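A.B. asks: Protein chains in written order, with this note's numbering: chain D, 2 to 340; chain L, 2 to 340; chain W, 2 to 340; chain C, 2 to 340; chain S, 2 to 340; chain X, 2 to 340.
Among the clues, some could well be false.
One copy or two, it doesn't matter: identical chains are merged, so the pair holds either way.
[As the list claims (entries may be wrong)] Cut-off 27 Å, straight-line C-alpha distance, at most; resulting in silico cross-link-like pairs (DSS-like, lysine-lysine):
hint, residue 1, residue 2
1, Lys323, Lys200
2, Lys161, Lys187
3, Lys187, Lys149
4, Lys3, Lys323
5, Lys323, Lys27
6, Lys171, Lys107
7, Lys200, Lys328
8, Lys223, Lys270
9, Lys328, Lys171
10, Lys323, Lys171
11, Lys122, Lys227
12, Lys270, Lys328
13, Lys149, Lys179
14, Lys107, Lys27
15, Lys107, Lys146
16, Lys149, Lys171
17, Lys122, Lys187
18, Lys161, Lys27
19, Lys171, Lys146
20, Lys179, Lys223
21, Lys227, Lys107
To be clear, the hints were calculated from the coordinates, so they are not data collected in a lab.
Please read these numbers as outputs of a predicted model, since none were measured by experiment.
One letter stands for each residue in the lines below.
Protein chains: 6
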Amino acid sequence: MKVVTFGEVMLRLSPEGYYRIMQSDKFLATFGGGEANVAVSLANYGEDVSYVTKLPNNPITDAFIGQMHYFGVNTDDIVIGGDRIGVYYMEKGASQRGSVCIYDRKHSSIADADPAEFNWKEIFADADWFHFTGITPALSDNMVKACKEACIAAKEMGVKISCDLNYRGKLWTRDKAKEVMTELCKYVDVLIANEEDAKDVFGIEAENTDIYGGKLNHEGYKSVAKQLTDKFGFEKVAITLRGSISASENDWAAMLFDGKDYYFSKNYKLRLVDRVGGGDSFGGGLIYALRNYTDPQTVIEYAVAASALKQSIEGDFNRVSKSEVEKLMGGDGSGRVQR
Amino acid sequence: MKVVTFGEVMLRLSPEGYYRIMQSDKFLATFGGGEANVAVSLANYGEDVSYVTKLPNNPITDAFIGQMHYFGVNTDDIVIGGDRIGVYYMEKGASQRGSVCIYDRKHSSIADADPAEFNWKEIFADADWFHFTGITPALSDNMVKACKEACIAAKEMGVKISCDLNYRGKLWTRDKAKEVMTELCKYVDVLIANEEDAKDVFGIEAENTDIYGGKLNHEGYKSVAKQLTDKFGFEKVAITLRGSISASENDWAAMLFDGKDYYFSKNYKLRLVDRVGGGDSFGGGLIYALRNYTDPQTVIEYAVAASALKQSIEGDFNRVSKSEVEKLMGGDGSGRVQR
Amino acid sequence: MKVVTFGEVMLRLSPEGYYRIMQSDKFLATFGGGEANVAVSLANYGEDVSYVTKLPNNPITDAFIGQMHYFGVNTDDIVIGGDRIGVYYMEKGASQRGSVCIYDRKHSSIADADPAEFNWKEIFADADWFHFTGITPALSDNMVKACKEACIAAKEMGVKISCDLNYRGKLWTRDKAKEVMTELCKYVDVLIANEEDAKDVFGIEAENTDIYGGKLNHEGYKSVAKQLTDKFGFEKVAITLRGSISASENDWAAMLFDGKDYYFSKNYKLRLVDRVGGGDSFGGGLIYALRNYTDPQTVIEYAVAASALKQSIEGDFNRVSKSEVEKLMGGDGSGRVQR
Amino acid sequence: MKVVTFGEVMLRLSPEGYYRIMQSDKFLATFGGGEANVAVSLANYGEDVSYVTKLPNNPITDAFIGQMHYFGVNTDDIVIGGDRIGVYYMEKGASQRGSVCIYDRKHSSIADADPAEFNWKEIFADADWFHFTGITPALSDNMVKACKEACIAAKEMGVKISCDLNYRGKLWTRDKAKEVMTELCKYVDVLIANEEDAKDVFGIEAENTDIYGGKLNHEGYKSVAKQLTDKFGFEKVAITLRGSISASENDWAAMLFDGKDYYFSKNYKLRLVDRVGGGDSFGGGLIYALRNYTDPQTVIEYAVAASALKQSIEGDFNRVSKSEVEKLMGGDGSGRVQR
Amino acid sequence: MKVVTFGEVMLRLSPEGYYRIMQSDKFLATFGGGEANVAVSLANYGEDVSYVTKLPNNPITDAFIGQMHYFGVNTDDIVIGGDRIGVYYMEKGASQRGSVCIYDRKHSSIADADPAEFNWKEIFADADWFHFTGITPALSDNMVKACKEACIAAKEMGVKISCDLNYRGKLWTRDKAKEVMTELCKYVDVLIANEEDAKDVFGIEAENTDIYGGKLNHEGYKSVAKQLTDKFGFEKVAITLRGSISASENDWAAMLFDGKDYYFSKNYKLRLVDRVGGGDSFGGGLIYALRNYTDPQTVIEYAVAASALKQSIEGDFNRVSKSEVEKLMGGDGSGRVQR
Amino acid sequence: MKVVTFGEVMLRLSPEGYYRIMQSDKFLATFGGGEANVAVSLANYGEDVSYVTKLPNNPITDAFIGQMHYFGVNTDDIVIGGDRIGVYYMEKGASQRGSVCIYDRKHSSIADADPAEFNWKEIFADADWFHFTGITPALSDNMVKACKEACIAAKEMGVKISCDLNYRGKLWTRDKAKEVMTELCKYVDVLIANEEDAKDVFGIEAENTDIYGGKLNHEGYKSVAKQLTDKFGFEKVAITLRGSISASENDWAAMLFDGKDYYFSKNYKLRLVDRVGGGDSFGGGLIYALRNYTDPQTVIEYAVAASALKQSIEGDFNRVSKSEVEKLMGGDGSGRVQR
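So that you can see chain D by itself, here it is in the shape it has in the complex (with noise of 0.2 Å):
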């Protein structure tokens, strides 16, 4: 059975190294996007994934297509045609510069596209779990009506569901989040989100205590995990704990809520290579740990063993193997040569 993914990718334009955008007259070419960053995590774990977007008829396209085979995910259900692939600017930050994104997205094919243009019967055909963010229905209304109605029929099937939350100030407002997510979220058995979603999308913070104050606050982070619960049912909650100490170094951990109990994973230091796709590399690595090991200690481990590993890697996709993630999950974070 395999796992269906839904939302935009787009060409991710890059300067080399840490020069500022056009500082130089190159930029790196690759493609990112939430959900086809979360299909390349499950294909390279060994999962049967199927990414579904909207893309326009060029070369560009074709390389994207030929790029997921070469991941192994299944792009029979992309709907070719519109008029254009969205394209983000990525400059990399370093010590106190933070990273820039620029957005050039309005008009993409997937933004414009109709929503019966997905027929989600024949998409969840072999499928047991449907994976989306936030980022999908903020594109456009379309959009918000295509996500809808993937969430209807994947209930209707069976189809588990897992949301990541991810908000986006630029593609639309708290209070448009709000109302879409509500209504969403209703049929969302898996929610992840970042420190400071649940608080951008639905206004949740952590009751008597400052959750952004200083160094990790468990007890924070329960309290959001466990309203996040009250109000939607979730069965599993999972949220990422980024600690910025500067665009080159970062704290990465996790906390997953089965709606009884709560699992820290350790704290990674990280030494950023790419920090773009982190989020959605925990998001892999946690609907493959869920779909593969019962241990609730083990599968958060997994997540944020795997995406520490994305953040040294050049890119969006998450290039590791799943025997990779399970030797940093058994504790050889010393970067070694293996000989």
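Start from chain D and add chains L, W, C, S and X according to the hints.
C.D. replies: Relative to the frame of chain D, chains L, W, C, S and X by itself:
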């Protein structure tokens, strides 16, 4: 007195060398657009020139404006706003494999601009020449209106108008082009076209002769220039003559008709480095030469020599000086080392 | 029904541009090998194709398999194991300086493979065409055996067999090649050769005429094709005709003999970007055309146009689509910009 | 009213990444020089600024002037002539391996320039601030004279003068530096120095305390600033405080003394991308802040934040905007992605 | 009198920056191998040194020999012949992701060489020091024999012998390594090992103490050195102590035992640029220091400073001079700019 | 017996591909200089050769000396000291756009060297051939003196002298060149010149014929060689004949006059990769051939084939072996792949 050019500029993304699109993970990132290319040529030759367009508020635009300043082009009349800068992907051909252009220019800031955003009376305050191409009105009905308003203001203020037909079949139909350009050409003093534009836009072909048969048909080109002038009353008509032997080798020449006599330039055997912008560099050379030389033969030789040099240079812009053009006109096309 | 190709693929390491080997500290790293190249061509044109080889268990192999998936080539029958993937160093020539190939392919997984590792009955289950080249049996006695077993299985199962003679003097002697290929050619339906292979392998030269003297000697080529057919009873013989003017410019054409008539293609004046894989792209084009066209002249024109395009493309693989080949066949070799 | 800066600019040649000089066959080619760096910083923040130097008549100079225009720096007062532009080779260090600078700046156009070539009355026509560094008079006796003439003209015209001591032991001796700078500092209003300059040039050290011992010795720095002010009557003294943990990590802070009070900035933990130009970006930030803010604490925080950002940017120039500096001053040094 | 080193050199292929293997289509191509690395270090410090190996007759070998000459290493005793130079693929790790080495070295010219091809009497004619590592005998039984013959000849001729244990589990088993190295170590005067080699090869661990537990366990290392000396009678034993915090940061130190006293070096906090060859640069520094300094503390400090510098340099070779090592030993590890 | 060459070597900085100077922020960094180029050619063919110059004490010089050792050129007589190594910027032309050279070589270590620093008696101890070009004395009066002293010493010691006229109008006037070269040529045995040098330096033109008119004028070249020999009594005169069709294509041939007969080489149609150093590679080939062949036709064919190959190679140095030259002489200029 300055020259004003008006149109769209795009971010141009090209694979390195002769790679196909997305064959590797790098794009060379430069800017290009017919009227910007003409402005750069004119600035390189020492003319005062102002480039008018509309661009979004982001670092890509900052870089473009910085580049215009690098070349000495005035950007004071560029309007900042709107959604995006257009993008085009340019794959360089070789041998029998032609170059490929993919445009992603819909919904660009300039295409969606309100004609009222351009105050032509102010823009033409110090100007005595206005240049645009058939691409600008092809962008949108708004731009048809903007071009017409610009032409009317120019005529009122005694500003000479040049236009490069530049038919782009992906932007509009022949019928629409004919209708719009017939209206706009009423205002035009100097018309520039390549060997196919007159036919594509106005259906004008050589009488009683096959202008596309075999080699350079002087009589055919004369006939086309005569018909254009008879119809629109142009002061001057310049037609470029490209002989495409392969994507690596071209013949390159042009003809100028001043309403009375026909002047044919010498022919250059080009080894193409980058032919995009070749026609624009001809336009830039022609406008410069018409403003600075009186002898028609000199005018057409300058324009052709300038554009021959451009095609040996990477990128849309013609990075040559007046003295380099004059040297080539003077006969030294042997490519010896200048120590 | 699918095509199966069988042979060795190597990691190809090439200096950038026209650098000599190790002139700088970089190598472009791609893959190449006659039968893999043919498989990629066929996949690009839309054929079902499976590539069979043996490769070691490491990330280089993972990347190769990912690339085959990128192009849509089936890799299910690739055997994983053995010591190493062969490497070849390819220095691109220019002007009077010829290209240089250094092979480091001994002891590769495929050369050392046990013929029993390839279960031809299963491999050919859905196949109706089998392609190999003279390089495969030249790798080792094991591979002679494997090729023979494949041919026997193919014949039994009604699978058509094509073979590109591809004589490699560094892999075996002419005597050994003659002995082995004489045996294997008994099974071959479609023979492909360049202007020297027939002489190198079988000692077959044009009767009463100097086939290598001066320019294209049509009678000489016809004679060779006739002798080959008389000796082995091939259904079709295709011979490529390369005129090496310099390492930068070649003439390129071919002839097809169907046992009755001789069909000569048009001749292309090539500006070489990368000639390695040119013959393989001819083979790929020929197989595709034989499967999809009935007119022999169309068949040979397709194969030659396809391989002319390849030689304007970097790397062994022919990254062109069916429509691009058809467009060139249709006469547009002028290399104009496709806007 | 504009700022004028005066000094030498050089072509900077750096190996890529962490390569040693000539380890590979490439150099990154940018420009750098203390006063040009300050001019670029000021232009980026929106100040009118004119950069004065002398450069030879060749395409390298054309490129430099184009770059100044790119950043919006006025180049009208650059003198063209002389033999050459200086060159410096810059190898970036890492870990325990320090960066290496090799200067090839003798006989540069500016070093050999006649002081009479600079008409300070005209240059300062619209100016209210003049900035130079101790490098300029160190170039040659001609430049000592030019600096003195500039200072005298500035004082006469009511133009404020800032000077960065910037001692360069390869250009002159401590004795010569002391003699010249003692004379020039009479005219200076705002003095900038790093933690070693005061000692190198004037022999001024903290009284009764070891200013180079251990960590930031606030009392020592205060003593040095006080002594400098007592001796020369500076209006303001700013001292940068660099703690070199390794070539990869530095502490970075500064102190401002306004003749009455001492203002210490916050300290930044830098991950160095390129530390060359760090001091100059401090100077540029300081001049901007002194011209636009009144609160001394704000002034020193702006200057330090600006120069902290610079050290995360490749090249000598500080490619940051006013809003980026203000954002960092405002406390967000966590390097989060700016989506 | 010269030093002779003997072993295998390989072509090292590394992705650029932190890319994974085959993530892009480029490899950086350098050379590396323990004994060649030691030879280059020694030549850089001014020693006469000859590198002995066997390499095939092709342009890759020409380039390697040219590079040895570049560094001043004598290559007169390199034997030319055999099939191939080994290749290794080296992916640089970062953060928690360790570096990956893939070896393709089987059937290399040196592994397959006949011991009789090396005439040790002649090779050691002007030599007073012979260095090899445990990798050389691990290549093949032929190389076990060659090493033994070299050791015997060296002993006869009064040539001192140093050996770096360098256990490689992919080349031989611990049992085989123990057997062979026990025999060869009889001839060795100076033994070099890292913190794990003694256990891997000889099963020697610290008595009554956990040498791998927690931080630097001085007593444990002393115990190991003592046991090694007791068993083999080494004149000197040097052990490197690497603390792997992550693939980006390491602690680096070493200990020297002269049979009587134990000398611990200072510890360096390394920001890794390229750690491959770190141990070899320690060996090179140690041999140089033993030949040129008498104070054991100075010897170990030289070796550790040299190898700390290496790890800030790209490639296997330690491109540092004697004065750079001495400067770091002298305490300046702050990485300040050397202007 | 060795060859000695004497002159200036410079750091050559070239934009990548066909970029104009500073169009991008990268320069390829190699070395070049007439006499160094000749030395490398000779070393490649197997001659003992020593290169004499003066260079400053810095890492750039270290890299150059390392490179000379890479090629096998002896550097023992290079004097270390002085201020700087000269730099030249080389922009590669294409099509009608000629290459551009900008020299920044004034005040180089060699130009400012004291003639007494070169002890010719010692330098020529094992030499039987001395080569210099007209560039060396053009550098400074010191170098005129040094060249004369070298020539006198050579003559006294029976060392044969070859000189390439190599007129550089930017270094000296024709009058000064004539005066100096007339004096130096008294000592010269073998004179090398291109088609313009004899006229530029000595005012020698073909009698009664237009040597620069139209195509190869054999009689004209013979006349020039005869006049030169009559005037100076040269043993041999070799003249290269370049036909510049464009910056991309040249004809290339040469003539040798031995005082009696005239030998014209075959003509090569060159596709230029890098023509700089073409003349020097002719000189290197000629000297080698004069020392190793007796047949004058073979001599001139060797020199022309060698220099034809050079022009297909990036950089000043001719990276070809003797066998590659001989292969081209033997007729294979077809540029076929050498597998």
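A.B. asks: Check each numbered hint from earlier against the structure, then list the numbers of those it violates in ascending order.
C.D. replies: 1, 11, 18 and 21
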